[in-house]
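Engineer: Make the full structure from the sequences, and use the hints.
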Amino acid sequence: MSDRWVAVLSGGLSHEREVSLRSGRRLSAALRAADVTVTEWDADNRLLDRLRNERPDAVVIALHGGEGENGAVQSILEMLGTPYVGTDPRACRRAWDKPTAKAEIARAGLATPDWVVLPHSTFRELGAQPVLDALVAKLGLPLMLKPDQGGSALGARVVRDAAELPSAMVGALSYGDTVLVEQFVEGTEVAIGVVDGKDGPEALPAVRIEAADGVYDYAARYTAGLTSYQAPAELDTETATRAGELAVAAHRLLGLRDVSRTDAIIDHNGTVHFLEVNVSPGMTETSLFPMAIDAADRSLGTVFAGLIERAITREH
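Anchor point for the sequence shown: position 193 equals 193 in my numbering, and the numbering is continuous, going up by one each time.
No lab work stands behind these hints, which were simulated from the structure alone.
Remember, it's a predicted structure, so these values are computed and weren't measured experimentally.
For glycine and all other residues, C-beta sits at the position ideal for the given N, C-alpha and C.
Any given hint could turn out to be false.
As the list claims (entries may be wrong) - Label pairs and their computed distance ranges (CB to CB):
1) 54 with 140: 49 to 57 Å
2) 312 with 161: 35 to 43 Å
3) 39 with 75: 17 to 25 Å
4) 5 with 294: 44 to 52 Å
5) 54 with 141: 25 to 33 Å
6) 109 with 32: 22 to 30 Å
7) 5 with 170: 42 to 50 Å
8) 114 with 75: 41 to 49 Å
9) 161 with 127: 14 to 22 Å
10) 309 with 134: 28 to 36 Å
11) 5 with 186: 44 to 52 Å
12) 114 with 218: 49 to 57 Å
13) 211 with 121: 29 to 37 Å
14) 211 with 161: 18 to 26 Å
Structural biologist: Shown next as structure tokens:
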């Protein structure tokens with residue numbers, strides 16, 4: 001791979017900019033250790049000129065949120081004929097919109113918590129309290145509220161008392177115009193990475209997540225010491241297999257490519273419930289995907305070096 005030159009895209013202007021920069025730095029270091037020549041580029045207004053004039057062999061996307069996951073940057077790369085690691089624009093869009101992804105999973109007969117999607121205009125036009133009352137009557141309590149798009153648990157909150165709903169709704173709506181409200185499932189939270197190989201998508205060992213206050217929110221994700229992890233998760237063989245099968249099924253159903261990470265909850269009966277899927281998993285020091293790579297006795301740099309070769313072959 002020493003003759004390959006790749007650009008790692010990170011930063012951008014989303015709420016997750018700082019996390020993305022950390023992901024980009026770690027992924028770049030891992031690729032350099034695998035003997036890949038790497039340039040780190042911010043996804044800013046100079047990007048198109050750089051892609052046209054400097055023409056790296058491939059691009060690796062370490063962007064989180066916004067254009068990095070909703071297919072926008074991927075569309076630009078495809079228009080310029082630049083090979084890149086990751087999911088194509090249309091499938092990015094399906095995964096980025098959480099209700100769309102959940103609908104695909106439910107349609108396939110896989111478990112996912114029941115949900116309702118509410119745009120901000122509904123509260124304005126019909127009145128907030130009647131809508132909230134109907135919501136509790138439909139789904140019960142506790143509930144998980146989150147923006148219908150976005151990552152890093154920004155705007156996400158568990159509501160156990162109906163009195164907490166108005167402030168939780170305002171918090172979620174501060175990150176978007178529409179809220180996804182799910183039944184909150186008590187159980188073991190896990191993340192399962194998927195990597196495409198020569199024989200198709202393969203699930204990495206599940207990582208178990210135990211947040212100190214019971215909620216894996218933004219602070220718990222990116223502040224060292226607030227969350228403990230098990231990689232691989234201590235699950236019985238049958239449950240671990242089901243978790244891997246769910247992640248691979250989501251990867252295939254949504255048309256994802258190269259890498260993905262499925263977040264799930266395992267309830268007390270052993271059912272694995274799909275929550276959401278990420279097409280650009282975090283690569284920071286506290287991120288789950290690199291933990292899963294380590295648990296599989298693989299190297300992050302080597303895995304991505306292989307994916308870079310696949311991307312270049314795909315384009316040419």
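Engineer: Does each hint hold? Answer for all of them.
Structural biologist: To see whether the hints hold, each was checked on the structure:
As the Cβ distance of residue 54 to residue 140 is approximately 55 Å, the hint placing it in 49 to 57 Å holds. Between residue 312 and residue 161 the CB atoms are about 53 Å apart, so this pair departs from the stated range of 35 to 43 Å. About 22 Å separates the C-beta atoms of residue 39 and residue 75, a value consistent with the hinted range of 17 to 25 Å. The hinted range of 44 to 52 Å is not satisfied by residue 5 and residue 294, whose Cβ atoms lie roughly 27 Å apart.
Checked against the given bound of 25 to 33 Å, the beta carbons of residue 54 and residue 141, roughly 54 Å apart, lie outside it. Roughly 44 Å separates the CB atoms of residue 109 and residue 32, a value that falls outside the hinted 22 to 30 Å. A hinted range of 42 to 50 Å for the beta carbons of residue 5 and residue 170 is consistent with their spacing of about 47 Å. For the pair residue 114 and residue 75, the beta carbons lie near 33 Å from each other, so the given range of 41 to 49 Å is not met.
Judged by the Cβ atoms, the range 14 to 22 Å given for residue 161 and residue 127 holds: they are separated by roughly 21 Å. The supplied range of 28 to 36 Å is broken by residue 309 and residue 134, whose beta-carbon atoms lie about 53 Å from each other. Under the hint 44 to 52 Å, the C-beta atoms of residue 5 and residue 186, about 49 Å apart, fit the expected range. Checked against the hint of 49 to 57 Å, the pair residue 114 and residue 218 fails, with Cβ atoms roughly 25 Å apart.
One distance hint, 29 to 37 Å for the beta-carbon pair residue 211 and residue 121, holds here, with the actual separation near 33 Å. Distance hint check: the CB atoms of residue 211 and residue 161 are about 20 Å apart, consistent with the given range 18 to 26 Å.
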